[in-house]
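Read off the chains here:
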Amino acid sequence: MSLVAGVVLGAISIQWVAFLVLAVVAIAAALVVVLHRSPVVGAMGLVTNFLCIAGIYVLLNAYFFAALQVIIYAGAVVVLITFVIMLLNLQPEAKGGPGVVPVALAALLGLALIAVVGRPLLEYAAPEAGPPAPDFGTVAQVGEALFTVYFYPFLAVSLALLSAMVGAVLLAKRRLED
Amino acid sequence: MVGDPGPYLLLAAVLFVIGAFGVISRRGAITILMSIELMLNSANLALIAVSRFLPGDGGAGVPDGQVIGFLVLAIAAAEVAVGLAIVIAMFRLRESVDVDLARLLRW
Amino acid sequence: MDLFDVVATIVKVALVVGILISTVPVLTWVERRGSAFIQLRLGPNRVGPLGLLQPLADGIKFLFKEDVIPPHVYKLFYVAAPAVSFIAAVLAFAVIPFGSAFVVDGRTVPLVILDVDVGVLFLLAASGMGVFGIILAGWSSNNKYSMLGGLRSSAQMISYELSLGLAIVSVLIYAGTLRPVEIVQQQIGGTWNVFPLFIGFLILLVSAFAETNRLPFDLPEAETELVAGYHTEYSSMKFSMFFMAEYINMITGSALVTTLFLGGYALPFQRLVFEGWLGLEGNLLAVLELLSFTAKVGFFLWLFVWVRWTLPRFRFDQLMRLGWKVLIPLALVHVVWASLLVMWGVPA
Amino acid sequence: MLTYLWLIPLAPLAGFLLVGGLGMAGRLREPWVQRLAVAASAASFVLAVAAIVDFAGGLDDERALAAAQPDRYEVSAAGEPARFEITPLRWMPIGDVTLRGWDGQGVRRAAFGVNWTFALDTLTAVMLLVVTGIGTLIHIYSIGYMAGEQGQHRFFAYLNLFMAMMLTLVLAGNLAVLFVGWEGVGLCSYLLIGYYYRQVFDKESGLTCADAGRKAFITNRIGDFGFLLGMLLLLLSFGTWDFSELAAAINGSSAYWYGSVLLTGIGVLLFFGATGKSAQVPLYVWLPDAMAGPTPVSALIHAATMVTAGVYMLARMSALYWHSPGAMFVVAVVGCLTAVLAATMGMAQYDIKKVLAYSTVSQLGYMMLGAGVGAFVAAIFHLVTHAFFKACLFLGSGSVIARCGHTNDMRLYGGLKRWMPTTYWTFLVSTLAIAGLFPLSGFMSKDEILARTLFSFRGSAVLWLFGTLAAVMTSFYMFRAVYMTFHGENRSPDHVREHLRESPPVMTGVLVVLAIGAAGVGLLGVPEGVSRLVGLGNVNWFEHVLHPVVAARGVVAGSAEAHGGEHGAAPAGEAGHGEHAAAQAGASHGEAAPPGGYLVEGMHHPSVAAEAGLFVLAFVVFLTGFLLARWAYGGPEPRAEALAPRLAYLRRLLHRKWFVDELYDRLVIRPYYAVADFFAAVDQRIVDGAVNLSAATAELSGQVLKLFGTGIVRHYALWFMAGAVLIAWMMMR
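Residue numbers (the working numbering), protein chains in the order written: chain U, 1 to 178; chain A, 179 to 285; chain R, 286 to 633; chain B, 634 to 1366.
Read the hints as simulated data drawn from the structure, not as lab findings. For glycine and all other residues, C-beta sits at the position ideal for the given N, C-alpha and C. It cannot be assumed that every hint is accurate.
[What the hints assert, rightly or not] Pairs of lysine-lysine residues, derived as DSS-like cross-links and limited to a Cα-Cα distance of at most 25 Å, are as follows:
{"#": "1", "chain 1": "R", "residue 1": "Lys429", "chain 2": "U", "residue 2": "Lys173"}
{"#": "2", "chain 1": "R", "residue 1": "Lys346", "chain 2": "R", "residue 2": "Lys360"}
{"#": "3", "chain 1": "B", "residue 1": "Lys848", "chain 2": "B", "residue 2": "Lys836"}
{"#": "4", "chain 1": "R", "residue 1": "Lys360", "chain 2": "R", "residue 2": "Lys297"}
{"#": "5", "chain 1": "R", "residue 1": "Lys350", "chain 2": "R", "residue 2": "Lys360"}
{"#": "6", "chain 1": "R", "residue 1": "Lys360", "chain 2": "U", "residue 2": "Lys173"}
[Claimed, not checked] Only part of the chain U face toward chain R is listed, based on derived beta-carbon distances under 8 Å:
{"#": "7", "residue": "Val47"}
{"#": "8", "residue": "Ala67"}
{"#": "9", "residue": "Ala74"}
{"#": "10", "residue": "Gly75"}
{"#": "11", "residue": "Val79"}
{"#": "12", "residue": "Thr82"}
{"#": "13", "residue": "Phe83"}
{"#": "14", "residue": "Met86"}
{"#": "15", "residue": "Leu88"}
Turn these sequences into a full structure, and let the hints guide you.
This is the structure in structure tokens:
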């Protein structure tokens, strides 16, 4: 049943409460990332956001992906970002920030996108989906799908990762001569 | 049990928009990178939310969403790596990560 | 989720956390007495018999010291850092099985807090979060030394997390499952993993040492160069939190090693001797398994202390080179080795 | 000799190449240039005479030759007037032409090819003798006139080239070859007029000789344009350009063609070409300015030969003109108008050559009038006589100019009688001839034309009246010229007066010959009316010889039955006589159309009293012009000056040539430039404009798009986002 329907009917399960809490915290964290002037605070906001989303994945019975999310996103990506922030010793941005016009425009566009995407979501009453399959979200099921149906994308991604590694090393390597 | 992807998709949309707003309005390269991560993450959320409620064999849910999510994850990680390398290189040139300083590529 | 399970879980959690926290002072005592024994000196013996109460005295000391929050720190993260470290350390313990199961008035209570399909990944995730504690501590203290200390320790942890992960992956490939309970059951059935995957065992052990910033790898806190590393600015209780987090990490590390390679709570030749010959089962067997688990963990803990007071400290570049150029390639080879074993159908 | 007919134009052509080539290379000294040129011209004269003698001796052996080689030779059939054609060269084998079926025989494709054909018949013979005879005499005269001139090889070369082109024109067997000659003579007249290309010719208008040459050429070309259209129209309707075939085709379906609009159109177009070449009303303006050329040129080209080409063409196409009364009427009216107009202008000129030029235009008007009323023979005869006396007049004026310090202005002459007696007497004889004194040639030909204009079926009294008026003016301005130049005291400046003496014999000799010709040649074609008065019967040998060639055939023939076969050159005028009688019986004096509604050839025969009246009138005309001139200019101090103030306005009008040049300038040239400017502007603004516009839009859009390339990443992100929203909206709609 749709969001509105869920609230109205009052059949609020623990799931619902958990989802709402996690959602609110995630949004708040996202706002911190975007609005806060100090990059480190932003990074911590990002971590919080990722952990909340991992929580939501658990709610969606996607345990494997939740673990992945925490290990890779929260554990590696944000650490890397924080690492670079501290390496470059970045100071918080100057007060000024970009002019009002782009900010306003961006906000406007954002709202427009939400309006465009949101409306059908609210109206669309999806059919009630039953409980997930017993092995849903487990490593076995995802692993099996990954290596059979999505095998070639998997190879492509591995190539992409390889090239990213080489690229990153070359770009960041201090020139030998200087 | 929230029976349909509605609320999750809405959350994903909101997160996406916040990420986009961050990319557009902020001048710090790192912040922009983080906002991009946000957007990618919201995409993942949407993917998995939808795949969870699709009719699969032996109950609701198909693994495809998570597999694609996994691939997006990998790509996002690669993207951050290269992005940070670029930021470092830029920092070395400009002493700052302000994106507006890198505007040589214009008429 | 009926009431009984909830209560059982709560009791288990309480027990585990309690034991973890209480073992920390014991460990400090062991540490000090051990180092003394290694260095042929007496060690604390004034406070209580054989200095057993010395840790208690330290604890009380930490409690009553003035909790100073320097003005230039970033208050929120400064306070949050020790909490994050401690929570990460404790959380990792949730998935480690320390016994098969107790039967309490007809209801079996598995001696593991969170028996989840992706158990090992959960452990990895939790230990990953530990890094943030250190980073935040380093950054929020707002001074060069702690910042550099934080940077170095996070760099070290990131590097060794990689080899740790690969070693665990090889075990998972060999075991074919991510559920720790299953891994232990397999080792009970078959041989302990340490024999076929011995190199993996060593890599995991070394990585565990690096993860916990223990001596050969304790560059961050190296007194001589970086004062006290990332927790320079911390005092009293927050400092002790870091201290406890470190020791709990040690316990978790050794527990992880025992579970994956030494068969967790498996008694040596359990099937043959204890179950087969002695015909034990039920709670008695569980108690014995608990004891075997504790013994193994204790051995590794002693190993930590032993290593700390015998091996000299690595230089930072040696540390990094060992991590990236030795351990990781070795771990990759070991993963291949594990998959070959699986291919040849070695595991039972 | 007839088979070497094609050599006649070749001789002067060779002369041109030799004199021109070697002269330009500087290898020829003056005497040799002159000798070669004259030799070439004389050679063509000798060859012409030989060919004519052979032709007169009958065409028997030629007929055998034609039978042997049909494609090279062709001889007219027994009944037809004698004609010999030779085709030495196949020129343009064009292939099939689609005939539009205007000739009533439906659309069909006819093989059409143009060959380089030369033909000889009595008409061509006459023209040959005139062109080569007068030409050679003028070549001889030029030796004296051009003595000492720098680069005179250029003059003689062009003169020879002119002779070659004129001979080609005259000998042409079809319109194409005629057109080659037609254009050739136009070119030569341009080259020769502009001989003194640096000198300013006309003090008043500042016209240089080169400008005069250009003016002549352009006016001729405009005429040729009409001529070419006529030729093409002819081709599309008859499928041939050959004269004999054309005549046969027209006479063959004579009833169909009589009065057809197409034929009239072709006739008018061809006549338009003739007006350009023979200086008739619309396109005569170039002839007075052509006097910029040396006098021998004026004599040869602008008096004797080239300008007569138009009349010859009309005579050659007589079959066509007989069948389109409309076209002939146009010719007559234009001819008469030109005669009167030119005569008026001639009376008020001070330049002796200009006077003679206008006189030439006027006499040509007479010839066209004659052709227009059907008196082709009279027209050709006037052409011959005019060639003699006008050449003599021009050469006389040439010797006067040479002696009086190269000035044409008669006001600086006066009393030259004492110094240049031969020139004076020859000039006087020619003047008497042109003015129309009885025994001389002028009277014979001009009065024949006037008589024909009055009595011929196609003539009219009005045209005759204007003709007579022009005759009076002719004798007036001729005697005015004589009195101003040779009588009264000498008005030339002193340094000129010392050198005044007679021209060298080489010039005066030619003058004498021409004067004798001017006097005597008239006797060849004494008009029938006059001979009857004197009781000699019809002794008009010239008419007898020429008439068969230009006589009308088919429905328009004089009298259907009278015109049986016209055999050979039989002297007896029986046939001719008979024809007059029939016409006489058929038509009373009135305008009643002859039987069958066709304007038939021939004329109402005047009663003897009418003939006598005409004769006396001619003498009266001569006398009035003479006395008027004597009264005005004869006395010691010219009375004309006294009259000047009262007639000032009239004098200025006539002297300024009725402001025709100015009229043309304003009517034709200025609008032409206006139109040209207009289109230049259009091209500039619209065509270039469009091109520039497209370039401008590209550049403008470039400028606009440039604003988006700010280089700032955030802006690009903004556009990304905007795009995404748009797409999302479109998809979600």
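Query raised in the report: Looking back at the numbered hints, which does the structure fail to meet, lowest number first?
Result: 4, 6, 15
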